[in-house]
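Number of protein chains: 2
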Amino acid sequence: MTPLIDGLQYANWSEKIFRQMREGGVDAVHVTITYHETFRETVLVIERWNRWFEQFPDLIFQGFSAADVQLARDTGRTAIFFGSQNPSCIEDDIGLVEVLHRLGLRFMQLTYNNQSLLASGCYEATDSGLTRMGRAVVAEMNRVGMVVDMSHSGERSTFDAIDHSSRPITISHANPASWHPALRNKSDDLLRALGASGGFLGLSVYPHHLKGGSACSLQSWCDMAARAVDLVGPGHVGIGTDLCQDQPDSIVEWMRVGRWTKTMDFGEGSADAPGFPPMNDWFEDNRHFGNIRAGLQAAGLDRATIDGLMGANWHAFFDKSFGPLPAKTQLRQRAAE
Amino acid sequence: MTPLIDGLQYANWSEKIFRQMREGGVDAVHVTITYHETFRETVLVIERWNRWFEQFPDLIFQGFSAADVQLARDTGRTAIFFGSQNPSCIEDDIGLVEVLHRLGLRFMQLTYNNQSLLASGCYEATDSGLTRMGRAVVAEMNRVGMVVDMSHSGERSTFDAIDHSSRPITISHANPASWHPALRNKSDDLLRALGASGGFLGLSVYPHHLKGGSACSLQSWCDMAARAVDLVGPGHVGIGTDLCQDQPDSIVEWMRVGRWTKTMDFGEGSADAPGFPPMNDWFEDNRHFGNIRAGLQAAGLDRATIDGLMGANWHAFFDKSFGPLPAKTQLRQRAAE
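If you read the protein sequences in the order shown, they are chains Z and S.
In this text, residue positions in the first sequence follow the working numbering: the first is 2, and each later residue adds one.
In this text, residue positions in the second sequence follow the working numbering: the first is 2, and each later residue adds one.
Hints may contain errors.
Treat identical chains as interchangeable: a pair holds within one or across any two.
[To be verified] Pairs of lysine to any residue residues, derived as SDA-like cross-links and limited to a Cα-Cα distance of at most 25 Å, are as follows:
hint: 1; residue 1: K17; residue 2: G96
hint: 2; residue 1: K321; residue 2: G96
hint: 3; residue 1: K17; residue 2: A328
hint: 4; residue 1: K212; residue 2: N292
hint: 5; residue 1: K212; residue 2: G130
Calculated from the structure, these hints are not laboratory results.
Isolated chain Z, as found in the complex (with noise of 0.2 Å):
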């Protein structure tokens, strides 16, 4: 059988969840570990995840690479692959690139809605792309092997990082602007140049970046991924249903607001609705991705395209991510620069 990858999940973990990831045969989980935290607070949720890994070692596992994917399947559990949404965990200093992927980290966005040091976040007025910054830590995150994720940049800086990453890049969790104008989503230029270069998209259950929000149907939802395999091209697509279960509102502000600004900020909120919306009724944990496969079917997508979506593409995917570039591609690039 194919496995079940979900490429993007930030909940208030717990027993209760890793037991439904059991229950929803989920075979890794992408979880976002960071946001605007520096380097020394980002090592206490490592140590917060260290902990789990120790009281649930029959439940969850760290994983490194994508045998580890195999490993949880051969073994009956959930491999954990740490991420980063805002570059916020290597402050200014690109050696944290490598001590972070020594530590797990696999992805990591190089800005969240803001400026950063490394790019421009989408809810940016001027979007500059890629700093100076930005093009060396690509590189540094080519080298080691820590995919760059674009999911809350702004276009220009997309399109700069598609450039310059000599690796594949992703957008873990947004959809088409095309089915759904969030500023979060995403541009079908955009979306063909990232499948064009080899890169990745996940789609995005969360309600803001839905046609229709917190009530769009599983049909909306299967066609738009129907179309997204056109835009972006089979193999190039998956899941990141950015599902942020059982987080208090707190959590949500602090995604927005960090320590960033004295005022709040809304975000893809409002100040009618400034919390966490409510998950549609055919996702609302890890035990309904059976919803999901069963409504690609009821769209009539073929039993490949099913299985790619649901996890093998994102399996192909970190299998070519994880690892350390060859030193011989290495010196290439440093000629290059």
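For chain Z, the structure is supplied; the task is to place chain S on it using the hints.
Below, chain S alone, put in the same frame as chain Z:
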């Protein structure tokens, strides 16, 4: 042939020294990366090592397991294993033990001369033994596979560590006090207990630990080595040169004084001789291990004992020490607490 392993060096690292390691046929070295540095400062040192690994991939690479000693031999390079001479790097946070182990820290001293959060150093007037945190951290080091090193600890603290640790500990760089009664050298009783517990002694060639100091003869050192094997047990003794090559005297001041006092502490030195002592003429750098081997032969040790001292014993100790405890043993250990 048997591997050549040095159980402790803290040099002012450079391409020159890495090339001398290759000239001397050194397969693996336990290098000190940190004394009084905080966690973040320790990570900066790891970043510097990562640059050296990237710059000199034909000379050195980071060692994580005993198998890397064989890899070093197979590829004509030196495997570098990280260690700390003080627990400052874990601050007050037991979770940093696993994090630093993941980053490759394979040895940690519980103290460096002074009282630490974990135990008492050999320069304290009162040795109060393992602290509450010390007992917890030793258990955690046992769990993940980080070796407890008591080279700079007080005697009672060292006996406590031997008793409390579920895995063999080391004194990576010291000599018998019965040969040269320096404060840093160890009593015969302690060395016998160390060996009986499966622990390991690395013999130092740092002049302050030698009878006659910088003028100590090779023959005297080799006779001492033979007696150390009798004391600690065959298979449980190796070399830990404590070579501090090319270091400026400001470094020995940092080692002794850190940030813990505003007045000068001369440690093993004195106001008249505050700096690093000159090395003896038979061991000045990594090219001189052949002198030690020849000296041991001249002292009449048999081939197997010499091979053991030169590296085979450390190799076997690495093999049983650097991996995590099997899960079942962890459960037994937890039940026993």
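Q) Quick check: which numbered hints come out false for this structure? A) 5
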